[in-house]
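These protein sequence lines are chains X and P, in that order. Residue numbering for the first sequence follows my numbering, starting at 1 and increasing by one per position. Residue numbering for the second sequence follows my numbering, starting at 1 and increasing by one per position.
Don't read these hints as lab results, they were simulated from the structure. The structure presented is a predicted model; accordingly, all values stated were derived computationally and were not measured. Do not rely on the hints blindly, as some may be mistaken.
Unchecked claim - Derived Cβ-Cβ restraints for the label pairs, each shown as a range:
1) Leu-357(P) to Asp-60(X): 20 to 30 Å
2) Asp-230(P) to Phe-425(X): 37 to 47 Å
3) Ser-281(P) to Arg-248(X): 32 to 42 Å
4) Asp-227(X) to Arg-361(P): 27 to 37 Å
5) Asp-168(P) to Val-291(X): 53 to 63 Å
6) Tyr-362(X) to Arg-48(P): 25 to 35 Å
7) Glu-191(X) to Glu-127(P): 40 to 50 Å
8) Ile-389(P) to Val-291(X): 20 to 30 Å
9) Arg-361(P) to Arg-188(X): 48 to 58 Å
Claimed, not checked - A few chain X residues facing chain P, derived, Cβ under 10 Å:
10) His-35
11) Leu-265
12) Asp-269
13) Thr-310
Where is the CB? At the ideal position from N, CA and C, for every residue including glycine.
Number of protein chains: 2
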Amino acid sequence: MNAGNADHLTDQLQSLFNDDPVREPAVETLLRDRHPADIAEAMESLARPDALAVFEIVDDERAGDVLDELDPDMVRYLVGQASPERIADLLDRLPMDDAAEVVAEADPEQKSLLLSRLNERAPADAEEVRELLSYKEGTAGRLMTDKFVRLSARLTVEEAFTAIRHADPDVETLTDLYVVDPVQEGNRREERLIGVLSLRDLVRAAPDRGIDEVMARDLITVSVDTDQEDVARLIEKYDCLALPVLDRNGYLAGIITVDDVVDILLEEDTEDYLRLGAVESNERPYLSMGVMGTVRQRFGWLLLLFVAETATGFVLRHFEDEISRAVALSFFVPLLIGTGGNAGAQTVTTITRALALGELRYKDGLRVLWRETRTGMLLGGMLATVGFIRALLWGTGTQLALVVALSMVVIVIWANTVGSLLPIFAKRLGFDPAVMSAPFITTLVDATGLFFYFSIARVLLNL
Amino acid sequence: MNAGNADHLTDQLQSLFNDDPVREPAVETLLRDRHPADIAEAMESLARPDALAVFEIVDDERAGDVLDELDPDMVRYLVGQASPERIADLLDRLPMDDAAEVVAEADPEQKSLLLSRLNERAPADAEEVRELLSYKEGTAGRLMTDKFVRLSARLTVEEAFTAIRHADPDVETLTDLYVVDPVQEGNRREERLIGVLSLRDLVRAAPDRGIDEVMARDLITVSVDTDQEDVARLIEKYDCLALPVLDRNGYLAGIITVDDVVDILLEEDTEDYLRLGAVESNERPYLSMGVMGTVRQRFGWLLLLFVAETATGFVLRHFEDEISRAVALSFFVPLLIGTGGNAGAQTVTTITRALALGELRYKDGLRVLWRETRTGMLLGGMLATVGFIRALLWGTGTQLALVVALSMVVIVIWANTVGSLLPIFAKRLGFDPAVMSAPFITTLVDATGLFFYFSIARVLLNL
Numbered sequence: 001m002n003a004g005n006a007d008h009l010t011d012q013l014q015s016l017f018n019d020d021p022v023r024e025p026a027v028e029t030l031l032r033d034r035h036p037a038d039i040a041e042a043m044e045s046l047a048r049p050d051a052l053a054v055f056e057i058v059d060d061e062r063a064g065d066v067l068d069e070l071d072p073d074m075v076r077y078l079v080g081q082a083s084p085e086r087i088a089d090l091l092d093r094l095p096m097d098d099a100a101e102v103v104a105e106a107d108p109e110q111k112s113l114l115l116s117r118l119n120e121r122a123p124a125d126a127e128e129v130r131e132l133l134s135y136k137e138g139t140a141g142r143l144m145t146d147k148f149v150r151l152s153a154r155l156t157v158e159e160a161f162t163a164i165r166h167a168d169p170d171v172e173t174l175t176d177l178y179v180v181d182p183v184q185e186g187n188r189r190e191e192r193l194i195g196v197l198s199l200r201d202l203v204r205a206a207p208d209r210g211i212d213e214v215m216a217r218d219l220i221t222v223s224v225d226t227d228q229e230d231v232a233r234l235i236e237k238y239d240c241l242a243l244p245v246l247d248r249n250g251y252l253a254g255i256i257t258v259d260d261v262v263d264i265l266l267e268e269d270t271e272d273y274l275r276l277g278a279v280e281s282n283e284r285p286y287l288s289m290g291v292m293g294t295v296r297q298r299f300g301w302l303l304l305l306f307v308a309e310t311a312t313g314f315v316l317r318h319f320e321d322e323i324s325r326a327v328a329l330s331f332f333v334p335l336l337i338g339t340g341g342n343a344g345a346q347t348v349t350t351i352t353r354a355l356a357l358g359e360l361r362y363k364d365g366l367r368v369l370w371r372e373t374r375t376g377m378l379l380g381g382m383l384a385t386v387g388f389i390r391a392l393l394w395g396t397g398t399q400l401a402l403v404v405a406l407s408m409v410v411i412v413i414w415a416n417t418v419g420s421l422l423p424i425f426a427k428r429l430g431f432d433p434a435v436m437s438a439p440f441i442t443t444l445v446d447a448t449g450l451f452f453y454f455s456i457a458r459v460l461l462n463l
Numbered sequence: 001m002n003a004g005n006a007d008h009l010t011d012q013l014q015s016l017f018n019d020d021p022v023r024e025p026a027v028e029t030l031l032r033d034r035h036p037a038d039i040a041e042a043m044e045s046l047a048r049p050d051a052l053a054v055f056e057i058v059d060d061e062r063a064g065d066v067l068d069e070l071d072p073d074m075v076r077y078l079v080g081q082a083s084p085e086r087i088a089d090l091l092d093r094l095p096m097d098d099a100a101e102v103v104a105e106a107d108p109e110q111k112s113l114l115l116s117r118l119n120e121r122a123p124a125d126a127e128e129v130r131e132l133l134s135y136k137e138g139t140a141g142r143l144m145t146d147k148f149v150r151l152s153a154r155l156t157v158e159e160a161f162t163a164i165r166h167a168d169p170d171v172e173t174l175t176d177l178y179v180v181d182p183v184q185e186g187n188r189r190e191e192r193l194i195g196v197l198s199l200r201d202l203v204r205a206a207p208d209r210g211i212d213e214v215m216a217r218d219l220i221t222v223s224v225d226t227d228q229e230d231v232a233r234l235i236e237k238y239d240c241l242a243l244p245v246l247d248r249n250g251y252l253a254g255i256i257t258v259d260d261v262v263d264i265l266l267e268e269d270t271e272d273y274l275r276l277g278a279v280e281s282n283e284r285p286y287l288s289m290g291v292m293g294t295v296r297q298r299f300g301w302l303l304l305l306f307v308a309e310t311a312t313g314f315v316l317r318h319f320e321d322e323i324s325r326a327v328a329l330s331f332f333v334p335l336l337i338g339t340g341g342n343a344g345a346q347t348v349t350t351i352t353r354a355l356a357l358g359e360l361r362y363k364d365g366l367r368v369l370w371r372e373t374r375t376g377m378l379l380g381g382m383l384a385t386v387g388f389i390r391a392l393l394w395g396t397g398t399q400l401a402l403v404v405a406l407s408m409v410v411i412v413i414w415a416n417t418v419g420s421l422l423p424i425f426a427k428r429l430g431f432d433p434a435v436m437s438a439p440f441i442t443t444l445v446d447a448t449g450l451f452f453y454f455s456i457a458r459v460l461l462n463l
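In isolation and in its complexed conformation, chain X is listed as follows (with noise of 0.2 Å):
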């Protein structure tokens, strides 16, 4: 198999829609052996009518994992389109949190029609999809799966790699074993995890030793309810390829693999990048948007910013005197209010990623302050003195030379300062810090710098 050859079969498939009738015996050669996630790939660049035949092509083998990697709209295309029983029976073939994922995905009529059918072929994986769905999107119980071997502590290692080998062939990892103990709870069976064990820890121990001797009980769990970028970090932090999931009992409901939690990281990572350049994430890939698309990811935000803007507009006709007395002034208008949108937008980056990464917390908001005041006395001193030297240089007065060099130390301190604030804030709140995207600090910075700096010219001009 060629990875990475999916632009290759795109343009294959292309040709061989174009050609009338559509060769379908020629469309199936060129899918056999293909992997799932470059048919998903390819499809998402074809027209949907002919993704659409791609995917009827596809076997029902890779179809499931097919419709678990394509994007959110094509899913919701596919599943109005094929047969209920068709996706039923696809979903049934994908570890259950993946079918949640599809079925969370669906229309809301298709989504109850889809667990019906489910419910047909299998009640108990209907069960856990709805019970997958109950939880919060975004947190660790939208993300689990049930399917991962339990042993129990009186197991000997010989007895447990038996259990392995018979294990249900559903399930989702090998290479983490949970031990359990199990609990009546009124009339529902609980199980209380004591301990987790590698199977290279198996493989290391001696066959007639108890696994309760071998296994580790310091354990890292996370809670149904906890967020899924938590998760994420928890698992890069610990380098684990699975993290137990317990219920609001404490007992054990599932496990997250880390399958999953690689493709959150790039997603949310993708979030915040956009977020950064105020256009809003919606998960399609750029050139299967429409112009149409495009415009209503980005316009609410560059409205509200030029909506934001216009307070500029304000500040200077506030000044309109000042201006036309000294029309060199505006001369610098750009080169202030630029640089200090800059200084803002790299404190708000770096203070939002600390964020994210755990480095930063609320308590922490005096002492970034303080740091981000001295880092902008010295940023705006050093910008300062070129800003003077270059002032000279153009032959403009020294007096307003150093109007420009002042302004510049003030308004650059005043975006570190909002910079390190707003963010911190935000999360304190409760907001995603990352909604204080750096165009947001930049327009705020531009109307008050605006206003340091004709005020500072006001009084040392004498204007």
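Dock chain P against the given chain X, drawing on the hints supplied.
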């Protein structure tokens, strides 16, 4: 073990180190049963001599892992302070890819000392570290490990199980098993990879079947020279736990495991994210960096952007007469260039991300240009309408309001064009497209945008 308690641990350690004399047994008690990742996180928040004291108290079994988790600066410090014997001893306990990473982070003179000490202990390991370090940083060759399970294609499933149970206890993963064919190449023994087998496949198969019947022959492989970010994207796309790495002759050189990939994804995403805010990434936690370090991290970009931004001064001086004849022209300067900058930032962020995710290629350049031009026309047109009304409401004459509206359309189209082409050209020229950061585009659009604005004003207002 309680996850995420490093913060608390830091505070407890801090208060113990404030005592005089320090009660070492108390520190020892506190560190007992702590996860290496938590100890590393706490050490990074302590003063360096205290971090060293902690490092010397941690038992050898966990100290290697602690070293692996620390940031490069701290590693250099510890390697310089502790005895080379102890460090070599710790390295020997780590997987060799992690050991190589620690050696790579040491100073050049420390590096050869460590390698010779490691050579005295375990010549084969030292040889492996040397080989890993011979590959370029950021490539698959630097990340791979040769501690994995190799099976001969002639084994039965039953025999394979026995082989796994007697495998080297240092193997990094038992989840994927590699089926190899030994080849004599001159006086080196090489291995050709012929198949891969998951432990799960083995569990499901009948004990007397040959593993050549069970294994998968269609392999996803990377080369020692593959970029680490591409490796990460492949692991993400194909949901695998490990990828085999082939050397330049096509023989099996090692495997890369998903845990290293999770670290890379986070690191590279942080780098891209910070660069979007014009900050150099240096992998150090925010609070552990001094003010001077922060200034160094930001001043270069800030100065470069400052110098580029002085171009706006040239443009404004060029139009000095126009401004003094119509001071109201200057009221719209920040609004126009601010909006142009925001539109450019949106485009450059979207395109850079699409390039990083492999959704766009160089050959899509013209298609992207045409899409972004249309997007710019729509967005510019809508904002121009809002801007026109806003200007009229301020009592600006219809003529000037028209100049502002027209300039808005031109500037937004221009910003979208520049923002879409620059990242694609950067990639074509072999640069990381993320270098064309949002602040860079913003600055570029500022001066050119002003030129458009005043040229339009000169013509329409007959100035």
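Hint by hint, here is what the structure shows:
no., hint, in the structure
1, Leu-357(P) to Asp-60(X): 20 to 30 Å, "holds (29 Å)"
2, Asp-230(P) to Phe-425(X): 37 to 47 Å, "holds (39 Å)"
3, Ser-281(P) to Arg-248(X): 32 to 42 Å, "holds (39 Å)"
4, Asp-227(X) to Arg-361(P): 27 to 37 Å, "holds (35 Å)"
5, Asp-168(P) to Val-291(X): 53 to 63 Å, "holds (57 Å)"
6, Tyr-362(X) to Arg-48(P): 25 to 35 Å, "holds (27 Å)"
7, Glu-191(X) to Glu-127(P): 40 to 50 Å, "holds (47 Å)"
8, Ile-389(P) to Val-291(X): 20 to 30 Å, "holds (25 Å)"
9, Arg-361(P) to Arg-188(X): 48 to 58 Å, "holds (54 Å)"
10, His-35, "holds (6 Å)"
11, Leu-265, "holds (5 Å)"
12, Asp-269, "holds (4 Å)"
13, Thr-310, "holds (6 Å)"
Every hint, counting from the list given before, is met by this structure.
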